[in-house]
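Student: So you can see what is in the structure, the chains are spelled out below.
Protein chains: 4
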Amino acid sequence: MSGNTLGKNLTVTIFGESHGPAVGAVIDGLPSGLKIDMDFLLDQMKKRKASGKISTARQEADLPEFVSGLKDGYTEGTPLTLIIRNENVRRDDYAATMNKPRPSHADYSGHIRYGGFEDASGGGHFSARLTAPLTAAGAIAMQMLKEKGILIGTHIRKLHHIEERPFSEEHLKEDIELVNSRLFAVLEAASEEKMKALIEEAAAKKDSVGGILETAVYGLEAGIGEPMFDTLEGVLAKALFAVPAVKGVQFGSGFAFADMYGSQANDPFAVKDGAVQTLSNHNGGINGGISNGMPIRFETVIKPTPSIGRKQATVDLETMTNTEIEIRGRHDPAVIHRARAVIDAVTALAVADLLMEKYGRAGFEEGHI
Amino acid sequence: MSGNTLGKNLTVTIFGESHGPAVGAVIDGLPSGLKIDMDFLLDQMKKRKASGKISTARQEADLPEFVSGLKDGYTEGTPLTLIIRNENVRRDDYAATMNKPRPSHADYSGHIRYGGFEDASGGGHFSARLTAPLTAAGAIAMQMLKEKGILIGTHIRKLHHIEERPFSEEHLKEDIELVNSRLFAVLEAASEEKMKALIEEAAAKKDSVGGILETAVYGLEAGIGEPMFDTLEGVLAKALFAVPAVKGVQFGSGFAFADMYGSQANDPFAVKDGAVQTLSNHNGGINGGISNGMPIRFETVIKPTPSIGRKQATVDLETMTNTEIEIRGRHDPAVIHRARAVIDAVTALAVADLLMEKYGRAGFEEGHI
Amino acid sequence: MSGNTLGKNLTVTIFGESHGPAVGAVIDGLPSGLKIDMDFLLDQMKKRKASGKISTARQEADLPEFVSGLKDGYTEGTPLTLIIRNENVRRDDYAATMNKPRPSHADYSGHIRYGGFEDASGGGHFSARLTAPLTAAGAIAMQMLKEKGILIGTHIRKLHHIEERPFSEEHLKEDIELVNSRLFAVLEAASEEKMKALIEEAAAKKDSVGGILETAVYGLEAGIGEPMFDTLEGVLAKALFAVPAVKGVQFGSGFAFADMYGSQANDPFAVKDGAVQTLSNHNGGINGGISNGMPIRFETVIKPTPSIGRKQATVDLETMTNTEIEIRGRHDPAVIHRARAVIDAVTALAVADLLMEKYGRAGFEEGHI
Amino acid sequence: MSGNTLGKNLTVTIFGESHGPAVGAVIDGLPSGLKIDMDFLLDQMKKRKASGKISTARQEADLPEFVSGLKDGYTEGTPLTLIIRNENVRRDDYAATMNKPRPSHADYSGHIRYGGFEDASGGGHFSARLTAPLTAAGAIAMQMLKEKGILIGTHIRKLHHIEERPFSEEHLKEDIELVNSRLFAVLEAASEEKMKALIEEAAAKKDSVGGILETAVYGLEAGIGEPMFDTLEGVLAKALFAVPAVKGVQFGSGFAFADMYGSQANDPFAVKDGAVQTLSNHNGGINGGISNGMPIRFETVIKPTPSIGRKQATVDLETMTNTEIEIRGRHDPAVIHRARAVIDAVTALAVADLLMEKYGRAGFEEGHI
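Chains as they are written, first to last, in this note's numbering: chain A, 1 to 369; chain B, 1 to 369; chain C, 1 to 369; chain D, 1 to 369.
The shape of chain A in the complex, shown without the other chains:
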């Protein structure tokens, strides 16, 4: 399988370029008979979409067309394909800068990878627009998991210097439901205002900001994960790094483990309500790459959007000389509030894939016939 397919049992293949005819996804390995909750799917896509002053001016309907695998609202079990047309394509915005790679974008590395035949307009295959079909695919996986009592949620733990509290350990389910009810992914109402103000401020300075997203998976049974290599952490991490701008992933206490003694870091076991639990969750619900029944918890760092309006140093690839670039066109001063929906999507896809390793597709199809 080549690089645009994720997963082993439940596979998602993503295709498209930002300014080509369409972007889309093929999802294979789906159980048949799953009634797609279209409202939920569109809601997830809405969370990912540009909106308000704080995001790019490009506004498209982004309604996916389902061209295969769906009949009367139910999955057929055959590949489900969805396509999102690119309606608002303006190649001209990019013509001038074609040979001047934007700093910290994929323009240059992609140019080398694809030999100059790539469609660089609007980021091409690297555009965040590719995350639209990925989010739709993830919404279907989220629905599969919800039927097993598994919830996924992500909030902005930190936007530049503005932090909010982490997910509660005791009321995690409620916290996930809270953040999932909001378009702007925060737990504390005050965070939204402050963060939006900061994003606008960055935009006004022709600059951009990043931050840290915290994600939790609630309700995943113990015993999921396939060491030595298809660990829960490894499979999640590979999927998470497909989300544009993600540059780091940490599980549980993550990099803070470096400052702890083993006696502080270990999570003691205890019997609670007749089940084995841990008294702390520094390990983010994962031991030895396998879920231990506690909530899965991890953080991803989203770098500041590389597209900024300021003049930047770059090179002219044709003449191989130094030059400058001022990026025009549409771009976001932050993507972190949109990335949350994509993080949820890939998390769901990774978890569903590993669950299918244990239960097969029949485990998601019971009572069909």
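Hints in this document: simulated from the structure, not taken from any laboratory. We put the CB at the ideal spot given by N, CA and C, even for glycine. It is possible that part of the hints are untrue.
As the list claims (entries may be wrong) - Quick list of the computed label-pair ranges, beta carbon to beta carbon:
1) B:MET98 x D:GLU87: 35 to 41 Å
2) A:HIS161 x B:ASP273: 35 to 41 Å
3) D:ARG328 x B:GLY73: 25 to 31 Å
4) B:GLY274 x A:GLU174: 17 to 23 Å
Claimed, not checked - Restricting the straight-line Cα-Cα distance to at most 35 Å, the calculated cross-link-like pairs of lysine-lysine (DSBU-like) are:
5) A:LYS49 x C:LYS71
6) B:LYS148 x C:LYS358
7) C:LYS311 x C:LYS146
Unchecked claim - Only some residues are given here: those of chain A computed to face chain D with a beta carbon under 8 Å:
8) ALA256
9) MET356
10) GLU357
11) LYS358
12) TYR359
13) GLY360
14) ARG361
15) ALA362
Chain A is already provided as a structure; the job is to place chains B, C and D on it using the hints.
Tutor: Frame of chain A, contents of chains B, C and D only:
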């Protein structure tokens, strides 16, 4: 492929249990005609091995036997299999604690995953001992890369509160060669003494410590990586999380990106020595999941070894009651100085795999016949 | 990867249902900078299409829309997606027979596999219509191979009792070019008339016929194939059995080997024109699963189309009683003359995939930048 | 995954060379808690082994050592590795003919594939000896299937001109049990004598013979297979072509379909004993690549062993001139009676793999804890 195989073009399958007959690896997809540098391979294994007061008392020869794929010192191109016998097996040490999962170990999650049929002695399939064949496999990949001018090195950036300087940007090659010449992976001679003292101190307190490893890949050409999912970051991360105790991975500035503005985080391009380079390397040599020709840089966090001599709370899985555990047997107060060799190994395997995606095996076999 | 994706290096994912919105393909792993020969691609699709009296009355334009991966006629190296709309959909034809599986069709086995959620109209995901995007994908692979001097051709070796001569050993290239120049895949002009008459005769009797296709691959270098399991034979066979109605595959002398002594079956080696060749080709150009430099030769059997107009015994799946069925709607009295284009397609995909194992994508991209 | 690994859910990696230290297999994805029936496993290996006058003189104990994944006779769920030492290695037999490829062997194609670094002695990685660990792995899969009521059997339908009756449709289970109780795979007692006489006669003439094996899978439920590409036929065929000397595979009526009308070839459905069945089984239990609940039936052709004692024309690869070869050393005048065990093995592996696609590993682990 199931969870114990890593890679697509160059695959490594790891097998074995700590107290079973043997551990080992099968490497498939190797170019034929590669003369294995056995001294180098054994040297990498030595770096991974327990040594001195600061590590476990278990001392084994760990000499791999090559049972297939190697003739007169050259790879045949058929699966190369190496086996390391477990000579010093003491199942009794573990008998008493069989049903008492050690906190933050894989005992419990593994018990659920493998249904009670796992060989829990000494960590079984989760033992760090499994990293011995992985290190040997990685040494072969490192050698393949070295012939392409690619060097990999890892040092202890931080052990608990003791830090040392990061890899130099200007003299990276020298730094890698320096750390690779040392059994204890530090750049500054003073670090070794301080860190070893801290490890012994932790051991004396029946405790353990963790830290942060910094890794660099020098000499990788631009254009390597297969977005959207088989990104250089994603493929590396998946491999890195197979290393026991790794709980986080960050590329370039990693989590520090959260505190930066885009104008600070971006890496401007410039022509230097006739080639495109970046003036800073916040992105760790990767844009859009593809190498940009700058050194690849990332950090992994190694949690404190969960095996500590102190009394800890746990459960009795048979009676489902709370109890306590005091771990006896052999264990390390730190594994970070050993993990460096495993990190190098999986890094090499991941990079070689992606390079073969571009060049095929013929790209590593030129001039054979 | 799930069942609708073929290949490892060059992957093709096929989606769609006969009477759904569209069928299509995503091709990943393509080299960038390949100028698609659209005339050739459409020509291959034309060969696959229904035509004349001897085929189904369903006539659609079948023009693929390229929605990603193609810019100015060149592959971008990103996933190439093509979609073919289903324009002439008549669900009503099938409504009456919904619960009565057609003998020797996939109706019943598919019903069990997909739990009753499948779109059974017109064969749904099992329709020969799915071979349209597969043929288009294969045409691109054929073009990649042609640039390496590799030609593929297939002719009707036998239609029911009408046989024609096999491919010539001496003039194989000319024979391939000859058959590829014809819409009806025969070497001898007289065969076409006789075979078409037989097909019409079968149609008149509300019956159908099958036959044997012979395929040759000319110009494939020695050394291609990845034993023990990804043999040239195994990889080809897996791809060939994806073609509807294929029930057997034989390489070289195939089942006739059973009647030979080793002394008759062996292909002696000889030096010819400075190269190693074999004096006979009973092995169809493959020894030990690896090409030996001689032409690859194999035959596939195409069973008679199961859709026949006669009354047939079947069951009513709702009442679980015996009943009868008379298939109306559109169907072919033979598919063998259309299957040839699909056989060529999957052959090209399989061979290109194995060639990329050796050469990587760079081997197909030389001289790009 | 590279070419020496078979399967997706249940994977088998085969390694080793005929005259290297050992051959072996790693099986990953096994359910935990399967009690290996060692008598059955050894019995399957015995069926594969050389025996009596009619086979090669090489006699080895071939007892597999289980070096991982097995504890107290039960699978642990971790990779199960078995190794078979090569005890009776005689490299000298082959030294003289090193550069003279044996006609119809893999010597030449393998030489090109592996660049001259292959271990050609005794066939090296192409030796039928590699089928010993494959047979052991398959025995484990056969056992998994047996617990689901699925039986597999193979008999010699035809040895050169000597045929015996096909498997009975009505008493298939009994026929499978009958042939599985015999070391020489025939249904009719008289066949054994006649066939053995023919093999000895061929040996006396320094020649060899081949034939056709018929295989049946009894008890496989309907709905197994993953079209469009991972069809039951395609997955089986790929596995079958890994068996040395197999040059063709046909399902059900196979190539005889070419002579039938659709009205003769179709298998009408009927309700029998409350279940859907077909009144004939021309399709060998498979429609649209998916099992239909009827027995799976297929035939494979085994070419005459290429190793014959007669003088044959070949080339000297060093001088690139024509020459002759007389093969000495150990070789079989027929392998078909040994191949039956390998055919059973790969059939079991393929079917178990597809069953796990539906049921996951949990489907084979029920009632564990």
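Student: Work down the list of hints and note, for each, if the structure agrees.
Tutor: Hint-by-hint comparison with the structure:
1. B:MET98 x D:GLU87: 35 to 41 Å: Since MET98 (chain B) and GLU87 (chain D) have Cβ atoms about 38 Å apart, the given range 35 to 41 Å holds.
2. A:HIS161 x B:ASP273: 35 to 41 Å: Holds: the Cβ-Cβ distance is about 39 Å, inside 35 to 41 Å.
3. D:ARG328 x B:GLY73: 25 to 31 Å: holds (29 Å)
4. B:GLY274 x A:GLU174: 17 to 23 Å: violated (59 Å)
5. A:LYS49 x C:LYS71: Holds, at roughly 26 Å.
6. B:LYS148 x C:LYS358: holds (18 Å)
7. C:LYS311 x C:LYS146: Answer violated: LYS311 (chain C) to LYS146 (chain C) is near 47 Å, above 35 Å.
8. ALA256: violated (31 Å)
9. MET356: holds (7 Å)
10. GLU357: holds (6 Å)
11. LYS358: Given a least distance of 5 Å, the restraint on LYS358 (chain A) holds.
12. TYR359: For TYR359 (chain A), the interface hint holds, since the closest Cβ of chain D sits about 4 Å away, which is under 8 Å.
13. GLY360: Holds, about 3 Å.
14. ARG361: holds (6 Å)
15. ALA362: holds (5 Å)
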